[in-house]
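> Chain by chain, the residues run as shown.
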Amino acid sequence: MIYIDIEHKILTSEGSRILSVKTELPDNKFICISGPSGIGKTTLLKMIAGLIKPDWGIIQMGDCIFFDSLNNINISPQKRNIGFMFQDYALFPHMTVEENISFAQNKVKDKAWVDTLIKSYGLEALRKQKPNKLSGGQKQRTALARTLAKKADILLLDEPLSSVDSTMRIKLQNEILKTHADFGSTTLLVSHDQDEVNKMGQCVLQLGYDQIRSIKNY
Amino acid sequence: MIYIDIEHKILTSEGSRILSVKTELPDNKFICISGPSGIGKTTLLKMIAGLIKPDWGIIQMGDCIFFDSLNNINISPQKRNIGFMFQDYALFPHMTVEENISFAQNKVKDKAWVDTLIKSYGLEALRKQKPNKLSGGQKQRTALARTLAKKADILLLDEPLSSVDSTMRIKLQNEILKTHADFGSTTLLVSHDQDEVNKMGQCVLQLGYDQIRSIKNY
Amino acid sequence: TKERKATIAAAANLRYVLEEIKEQYLKDYPGADLQIIYGSSGTLTQQIINGAPFDLFMSADTKFPSKLEDRGMTSASAINYCYGRVAMWSSTLDLSQGLSAILLPEVKKIAIANPDNAPYGLNSINTLKRLNLYDKVSKRIVWGENINQTAQYTFSGNAEIGFIALSLALAPEMKNKGHYYVLPENICPPIAQAAVLINGWEKNGEASRFLDYIISSQCDHIWKKYGYGLAKKD
Amino acid sequence: MSEDFINTLWLTGKLATLSTCILLVIGLPVSYLLAYTHFKIKPLVEALICMPLVLPPTVLGYYLLIAFSPQNIWGSFLEKHFNIRLAFTFEGIIIASIIAGLPFMIQSLQTGFSSLPASYREVSYTLGKSKTTTFFKVLLPNIKPSLITGIALTFAHCIGEFGIVLMVGGNIPGETRIASIAIYDQVQALDYKTANQYSFILFLTSFILLTLIYSINKSFKIKTI
Amino acid sequence: MSEDFINTLWLTGKLATLSTCILLVIGLPVSYLLAYTHFKIKPLVEALICMPLVLPPTVLGYYLLIAFSPQNIWGSFLEKHFNIRLAFTFEGIIIASIIAGLPFMIQSLQTGFSSLPASYREVSYTLGKSKTTTFFKVLLPNIKPSLITGIALTFAHCIGEFGIVLMVGGNIPGETRIASIAIYDQVQALDYKTANQYSFILFLTSFILLTLIYSINKSFKIKTI
Ligand SMILES: Nc1ncnc2c1ncn2[C@@H]1O[C@H](COP(=O)(O)OP(=O)(O)OP(=O)(O)O)[C@@H](O)[C@H]1O
Ligand SMILES: Nc1ncnc2c1ncn2[C@@H]1O[C@H](COP(=O)(O)OP(=O)(O)OP(=O)(O)O)[C@@H](O)[C@H]1O
Ligand SMILES: [Mg+2]
Ligand SMILES: [Mg+2]
Numbered sequence: 001m002i003y004i005d006i007e008h009k010i011l012t013s014e015g016s017r018i019l020s021v022k023t024e025l026p027d028n029k030f031i032c033i034s035g036p037s038g039i040g041k042t043t044l045l046k047m048i049a050g051l052i053k054p055d056w057g058i059i060q061m062g063d064c065i066f067f068d069s070l071n072n073i074n075i076s077p078q079k080r081n082i083g084f085m086f087q088d089y090a091l092f093p094h095m096t097v098e099e100n101i102s103f104a105q106n107k108v109k110d111k112a113w114v115d116t117l118i119k120s121y122g123l124e125a126l127r128k129q130k131p132n133k134l135s136g137g138q139k140q141r142t143a144l145a146r147t148l149a150k151k152a153d154i155l156l157l158d159e160p161l162s163s164v165d166s167t168m169r170i171k172l173q174n175e176i177l178k179t180h181a182d183f184g185s186t187t188l189l190v191s192h193d194q195d196e197v198n199k200m201g202q203c204v205l206q207l208g209y210d211q212i213r214s215i216k217n218y
Numbered sequence: 001m002i003y004i005d006i007e008h009k010i011l012t013s014e015g016s017r018i019l020s021v022k023t024e025l026p027d028n029k030f031i032c033i034s035g036p037s038g039i040g041k042t043t044l045l046k047m048i049a050g051l052i053k054p055d056w057g058i059i060q061m062g063d064c065i066f067f068d069s070l071n072n073i074n075i076s077p078q079k080r081n082i083g084f085m086f087q088d089y090a091l092f093p094h095m096t097v098e099e100n101i102s103f104a105q106n107k108v109k110d111k112a113w114v115d116t117l118i119k120s121y122g123l124e125a126l127r128k129q130k131p132n133k134l135s136g137g138q139k140q141r142t143a144l145a146r147t148l149a150k151k152a153d154i155l156l157l158d159e160p161l162s163s164v165d166s167t168m169r170i171k172l173q174n175e176i177l178k179t180h181a182d183f184g185s186t187t188l189l190v191s192h193d194q195d196e197v198n199k200m201g202q203c204v205l206q207l208g209y210d211q212i213r214s215i216k217n218y
Numbered sequence: 001t002k003e004r005k006a007t008i009a010a011a012a013n014l015r016y017v018l019e020e021i022k023e024q025y026l027k028d029y030p031g032a033d034l035q036i037i038y039g040s041s042g043t044l045t046q047q048i049i050n051g052a053p054f055d056l057f058m059s060a061d062t063k064f065p066s067k068l069e070d071r072g073m074t075s076a077s078a079i080n081y082c083y084g085r086v087a088m089w090s091s092t093l094d095l096s097q098g099l100s101a102i103l104l105p106e107v108k109k110i111a112i113a114n115p116d117n118a119p120y121g122l123n124s125i126n127t128l129k130r131l132n133l134y135d136k137v138s139k140r141i142v143w144g145e146n147i148n149q150t151a152q153y154t155f156s157g158n159a160e161i162g163f164i165a166l167s168l169a170l171a172p173e174m175k176n177k178g179h180y181y182v183l184p185e186n187i188c189p190p191i192a193q194a195a196v197l198i199n200g201w202e203k204n205g206e207a208s209r210f211l212d213y214i215i216s217s218q219c220d221h222i223w224k225k226y227g228y229g230l231a232k233k234d
Numbered sequence: 001m002s003e004d005f006i007n008t009l010w011l012t013g014k015l016a017t018l019s020t021c022i023l024l025v026i027g028l029p030v031s032y033l034l035a036y037t038h039f040k041i042k043p044l045v046e047a048l049i050c051m052p053l054v055l056p057p058t059v060l061g062y063y064l065l066i067a068f069s070p071q072n073i074w075g076s077f078l079e080k081h082f083n084i085r086l087a088f089t090f091e092g093i094i095i096a097s098i099i100a101g102l103p104f105m106i107q108s109l110q111t112g113f114s115s116l117p118a119s120y121r122e123v124s125y126t127l128g129k130s131k132t133t134t135f136f137k138v139l140l141p142n143i144k145p146s147l148i149t150g151i152a153l154t155f156a157h158c159i160g161e162f163g164i165v166l167m168v169g170g171n172i173p174g175e176t177r178i179a180s181i182a183i184y185d186q187v188q189a190l191d192y193k194t195a196n197q198y199s200f201i202l203f204l205t206s207f208i209l210l211t212l213i214y215s216i217n218k219s220f221k222i223k224t225i
Numbered sequence: 001m002s003e004d005f006i007n008t009l010w011l012t013g014k015l016a017t018l019s020t021c022i023l024l025v026i027g028l029p030v031s032y033l034l035a036y037t038h039f040k041i042k043p044l045v046e047a048l049i050c051m052p053l054v055l056p057p058t059v060l061g062y063y064l065l066i067a068f069s070p071q072n073i074w075g076s077f078l079e080k081h082f083n084i085r086l087a088f089t090f091e092g093i094i095i096a097s098i099i100a101g102l103p104f105m106i107q108s109l110q111t112g113f114s115s116l117p118a119s120y121r122e123v124s125y126t127l128g129k130s131k132t133t134t135f136f137k138v139l140l141p142n143i144k145p146s147l148i149t150g151i152a153l154t155f156a157h158c159i160g161e162f163g164i165v166l167m168v169g170g171n172i173p174g175e176t177r178i179a180s181i182a183i184y185d186q187v188q189a190l191d192y193k194t195a196n197q198y199s200f201i202l203f204l205t206s207f208i209l210l211t212l213i214y215s216i217n218k219s220f221k222i223k224t225i
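Chains as they are written, first to last, in this note's numbering: chain A, 1 to 218; chain B, 1 to 218; chain C, 1 to 234; chain D, 1 to 225; chain E, 1 to 225.
Source of the hints: derived by calculation from the structure; they are not laboratory data. Among the clues, some could well be false.
If we take Cβ atoms under 7 Å as the criterion, some of the chain E residues that face chain D in the derived model are [what the hints assert, rightly or not]:
{"hint": "1", "residue": "Leu9"}
{"hint": "2", "residue": "Glu46"}
{"hint": "3", "residue": "Val59"}
{"hint": "4", "residue": "Gln107"}
Note that the coordinates shown come from a computational prediction; the quantities given were computed from them, not determined experimentally. Don't be surprised by glycine CBs; every beta carbon is placed ideally from N, CA and C.
So that you can see chain A by itself, here it is in the shape it has in the complex (with noise of 0.2 Å):
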């Protein structure tokens, strides 16, 4: 189970806001989130991730607790065990796309996973190519394959979707579904599509300006 009380000024469209998130989502779930541009569903994943530090509250994954402000708890990325998959990718350049999914590993390296996620995103031809000859579909979905190479407890994917064409979309969105089923991860998407959200969510985290987190099990 993971608990999530936190609040956190942001900046938004409409001038700076407390984002206060307070929910519990289940283990080994397929969470979506979805909520209007600038609501701060990045920013959200990102405390889960420890690369900002909210302002005040917890964040608990299980028994382990990832941030406490009272008790001055702060594990740091490296510790969470977890897969993010940023917004703008953030790909490796000096890489090419084998090597950036397979840096995501750990030293025991699992080379058969890396092939078959090449494979599976449709990156075969692009294997020995660096990302900055790559097309914008093209490094969402090497940054997507990055994310997913590590086998995480916790998977963060920040619209990992949002630049490939409808027919490859529906192909990846069962590529993930497939390996959250093989694997289990409690995975956590973000997605501005309201079909994809009704169709890969187990669980769904709306958030919105009212700063109630509304969640639907399903």
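Using the hints, position chains B, C, D and E with the ligands against chain A.
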């Protein structure tokens, strides 16, 4: 009328292939370009903008020849009077949202138009913000507003709405259409969202692996 | 041969003389190992003060050896080993008329060594002052950091006339490349150059033997050949 | 502190500031070209720019002295047609300083330019901006850290540089006698007390100046990175 | 070319290579810290790193000489406990070279690190990579141009630097007499022919080496930018 007849070698997920486009596009119309990821949509726009030099061919805009490989003509991007919105935004990090947008204008600044854009694209509260403090969607909207600020002859928009939520997306589609109706710039919009293409395009250019460029006039 | 090794710190302008003296010395005393290190007298003095492993210091003046004496770094008092003579040098002008050449209109720059550091400079200036020439040319003087640099200013032609050491005017590289005029001893006293043994030389007698050798009459012809005045023998 | 030293300090400041400014003017276009054009012999040009570092300053100074000499083509040309003799003048030591400082300025700026993403220029061009506007409004503001490093290194080096300047300048008070030479003189004369005083003042002044230069960098970083 | 000069050249190469390597080892962590931590007195530290440039080399050398002298605490400590005397030894001139080269290496690397986007580190951390792995596998390969500039500047400077080395090293053949000092000596002795020959060889060797260093840079750029 825009006349395009070019060939250019690119590398796609299916290995290296020739992107070959031969088409005539009507003036002052709203043209949507779609096709699978990695097919060459961005490459096509960049060739029209003068940022990539095609291996072979002609690009002509009205009476003005932008590019002609046989006669060695290649007009620099500065002189093509275009507006180009990059798929990855490419905002200037040292300028605020407002500075980014008004930088696009010529020496005679049209402040009113900048203000209108900032308002319509929901950037009012972020005027004085630098890009590194913006969310993905906010960056995208800033880049879009910057491109529109110039009132160019040709607008090249590379997936301008891929990162905004559905409510905002519909609103902004209408804003773009309104701008097009007001100024009549020939607009080429790349999108992988079929609904968007159908709604916005007066013309649709479909790029596909069979290398046949289908064009539908509505 | 290790027991017979001496390290000698010598002023840079002694290079040609000392190499010749060293050659002759090694013939007379085979088996000696002389290492001569050249540098500016000021730098060498600072290095000795801070523990440089030198046995003998041959300065281009008397000031630096006496400073070392004051600090108790030396084991005997300094002795003059030669006298340096001041010469006026020019690559373009005929200097047979003597010092008055510096008043010629084509002389735009006159190079003199910095009198604060170099006795050649000090003596040149004093001479000019005594002959009431200094005020007439003071605006045209450029200051060389040391006597070598002064020579470089002159040799390169950036200064039409320079007051340098006679030994430099006679250096192999400079011979026959210009004209020189040796300032007579009565108007410009030669510069006494002193050498001193540094504490710790005693480990073998080589340094002291070499010092004795350079002031002996066996070396007189070498000193003269390079334009130095001989030390007074006692 | 004697009046003499204040003059010397003033001359030093003037030399360092002027040289740095001129180097900036030279360095910006050269490093821009080096960063954005690709030609075969580029590594050669880059190595050549480093060369003033490789020769000992006094030796480089000696070569300059020869170049300036009225006995040589270039020197006699200047003397005949412009009545300029570069040796022993302030202009001469400025030239010497510029040559000595070239590598620092150009290298710093070049790494700055070449680490900028190409898209900055591309966007600016598609917005119809000229290369000049792009350079001043887009590229320059984004290489501020490199710019500051370049200015700081060059300035510091001009202050401390004395081998070339000593050689070319001829140590003329009020014209070419800069602080580093004055300090060197005192150390040579074993006048350590004055040398220490002067070093301390030089050190302190430069330290304060450089701290100020770097503070600009800091405030810039906090604002945008 | 005499055997003597070949020895001198060899010593010069050894000094420059060793100093550059040590500076790289020192410079990488220091510049990393300077680039990624923010503390109030950072501009002061940055200015301090430039300071070896501000003092004339011979004067800096003189202060080092005093520091190394067995008459002082530090020097006598080394002498007593380790039987090391730094002045007039190869170790001594290495230390001198390192101090003189510090600004070039650290400044170059620091601008490199600070121009990398924060996301590189963030991604690497979320992938569970340690700071060390991130440093070597992610950051270092991406600052290659700065790394090469730093190495080239430092190396060139070590070759040409002679004021400090002359003062600290004392011109001892085979131990501290490096090429720049040898050339200086010959110029001092008015032996211009030999000086020119030696300068030419030094110039050429460094030029070839630096061209090679910069060629690495070029091939890197073509591959990834
Ligand atoms: N680095 C930052 N520093 C300060 N404020 C930021 C930073 N990044 C984003 N913000 C602000 O925080 C708010 C929330 O941003 P966030 O990126 O979490 O939005 P989002 O929900 O992911 O939006 P989008 O769907 O557009 O990506 C935004 O309004 C933005 O102005
Ligand atoms: N800078 C580049 N150099 C060489 N090849 C490139 C470069 N950029 C893209 N490519 C290749 O060209 C092909 C077309 O890329 P392009 O960016 O035009 O695709 P796209 O249609 O815009 O795709 P997407 O919808 O994913 O953005 C891709 O397969 C890519 O591998
Ligand atoms: Mg976001
Ligand atoms: Mg694209």
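> Taking the least C-beta to C-beta distance, is E/Leu9 closer than 7 Å to chain D?
It is violated, given that the least Cβ distance between E/Leu9 and chain D is near 13 Å, above 7 Å.
> Holds or violated: the hint that E/Gln107 contacts chain D, with Cβ atoms closer than 7 Å.
5 Å, holds
> Does the interface hint hold: is E/Glu46 within less than 7 Å of chain D, judged Cβ to Cβ?
With a closest approach of 4 Å, the E/Glu46 hint holds.
> Against chain D, run the beta carbon of E/Val59 and see if the smallest gap drops under 7 Å.
5 Å, holds
When held up to the earlier numbered hints, the structure conflicts with hint 1 and nothing else.
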